[in-house]
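On the provided structure of chain A, position chain B as indicated by the hints.
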Amino acid sequence: MKSIKEHMMFILPLMAMLIGVEFILIFNRVTTSYEQKLKNEYAILVVSKKQLSTPIARGVSSKIDSVEAMNREDIAKEVTSGMQDTAMVAIMKDLPYFYRIHLNRYLSLEELKDIQAKLKGIDGVLNVEIFGENYHSKHTMFRLVKLILNIFIIMLFVVSIFLVVKQMEVWQLAHKDRMKIMEIFGAPMMLRSGILFKIAFIDAIIATLLNIGIFVYLNISWAKSSDINFIKENQGALINVSDFILMLFTAIVIVSVSVFIVAVQSSEVPEG
Amino acid sequence: MASVISANNLTLAYEGGKSIVINNINFTIEQGEFVFITGPSGSGKSTLLKSMYGQIKPYDGTLHIGGLNMSSIKKGQLLQLRRNIGVIFQDYKLINEWSVEKNVVLPLIITGYSLDVQKVQAEKLLSHVRLSEYANKYPLELSGGEQQRVGVARALSKNPFLILADEPTGNLDEFSSGVVWDLLENACDQLNATVVVVTHKIPTIFNIPYRHFIIENGGVHEVH
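Quick mapping for you: the protein sequence lines, in order, are chains A and B. As numbered in the numbering used here, residues 1 to 272 make up the first sequence, in order. As numbered in the numbering used here, residues 1 to 224 make up the second sequence, in order.
In isolation and in its complexed conformation, chain A is listed as follows (with noise of 0.2 Å):
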C-alpha cells in the first residue's frame, strides 16, 4: 500500500507534466490548422480601373498567393437588377475591375495594412478592402485562449516539478543508507542508483501508458460525441503517434535528470 503511494506521488505529477506537453502539442497543431481555415476562407478585396494578374500582385508582396478576378457581369447584374438592358451596358462599360486576392500564409493585421498600402500605390487600383478588424478578432480571441492556456501548463509544470523533487527526497531517504553503503564500497553512480533508475523509468512508463490512454479515449470517444463543431473538425490534430513517442522521451528525461541529481545529492564522495 505505501509502495503504491509512493508510485502514484511520483506517477501523478509526471502525468500533468505529460498532460501539459500533449496539450501544447494539440494547441499549437489546432492553431495551424485554425490559421490555414482562416487563410483559406479570407480574400483581399481590390477595385481596380485596369486588369490586375498575379504576377503584378506578386510583385508587390511575396506573401500574395494568386489574384481571382470576380466576374463582372454578376456585379453589374445585381447593381442593374429592375432596370433597363440599356443600364447594364452603361454601367459595364464604366464597372472597374474586382478581384480577390488570396494570401499564401496567416499574416498579421500589421503586414495585412503593409500589403493594402502596396496593392494601392499600383497604377490604377482605386480601392483595397482588407476587412481587417473582423479578419484578425477571431484570431486574437483565439491565441488569448491559448496564451492563457500555456499560462496555465507552465504553472502546472513547475508545480509538478516542485512534487516530482518532493517524491525524490523521499526516495533519497528510502536509499540513502543503501546508496552511502554501497559507496563505501566503491560503487559508481550507475550501480549505486540502479534501482532508482528501475523505479523511474517503471513509473515514467506507466505515466506515459496512462496519458496515451487519456488521449486516445478522448479521441476516440469523447470527441467524437461532443457537440462542438471546432472540435470534431479538428478531430485528427488531437492525437498522433508521434506525441507518444515524445511523451515517452520526456518522462524518461524527467526521471532521468530527477533521479541523476538524487544519486548525486546522495555522493559523500568529496571531489578531486
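Treat the hints with care, since some could be wrong.
Pairs of lysine-lysine, DSSO-like flavour, derived with a Cα cap of 30 Å [claimed, not checked]:
1) Lys-137/B with Lys-198/A
2) Lys-176/A with Lys-50/B
3) Lys-180/A with Lys-201/B
4) Lys-166/A with Lys-75/B
5) Lys-124/B with Lys-50/A
6) Lys-102/B with Lys-198/A
7) Lys-50/B with Lys-75/B
8) Lys-180/A with Lys-124/B
If you are wondering where the hints come from, they were derived from the structure by calculation, not from laboratory data. All figures in this text were calculated on a predicted structure; none of them were measured in a lab.
The following block gives chain B in isolation, referenced to the frame of chain A:
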C-alpha cells in the same frame, strides 16, 4: 616491505579548517601489519580511519594509501581504491533489504563478478564466520554479533589489501568480540592483509604481533 599507509605532516580538519582534529602527524604502516589505534573519545580516531578510505580529505600534509595520494585522488580512482579495501563498522552498516548472502558479496557485485563466483565465495565466507545456515536470512533477523560477523565476511570477500575497522566490537558481547578478533587475526596472518582497527580497548588475548598508536590532543604516538 611496501608501505601501505603513509602519513606525512597530516592534518585533518572539519569546517574548512576551523576545527582541527588531527594535527601534523607522521606514521607509516607496512603490508601485513596489524595496527590498533586507541585514544579518548573525540580524539579523532574515527576521523583518521575515514581519511584512509577517502571519506575525508587531508586538510594539510599528505596521506598515501596503496601509493595513491588522498589529497589529489580523482573520484574514479577513489572508488577503484575502495573496491580493494574492506571496511568494518561498529553499527555494521549492512543493507537490511538484502539477504545475508548478498550483503557478504557486495564487493564482488560492485566489481562485476559472475553469480557463480559470488555464490562460491559467499558459501566459503559464511562458513568461515560460522553463519552458513543464515545465508538466506536478512540482517535484522540476526543478533548484533552475527551481524558483525556478516560485516567482517563482507570486508574479507574480495581479499582486500587493507582492512579498516571502526570499533568492530563496540556493540558486541565477549563471545562475539572473540570471534571477530579471531577473524581479523586470520585475515592479517593468513591473507597478509594490513589491518587497522580503531578501538577503545585492545583485547587481552591477541595471538599475533601488532602495533599500537595512541591519538591524543591531535597528535599520534606509538606505544612500543
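Now the hints, each set against the structure:
| no. | hint | result |
| --- | --- | --- |
| 1 | Lys-137/B with Lys-198/A | holds (25 Å) |
| 2 | Lys-176/A with Lys-50/B | holds (18 Å) |
| 3 | Lys-180/A with Lys-201/B | holds (28 Å) |
| 4 | Lys-166/A with Lys-75/B | holds (28 Å) |
| 5 | Lys-124/B with Lys-50/A | violated (104 Å) |
| 6 | Lys-102/B with Lys-198/A | holds (19 Å) |
| 7 | Lys-50/B with Lys-75/B | holds (15 Å) |
| 8 | Lys-180/A with Lys-124/B | holds (26 Å) |
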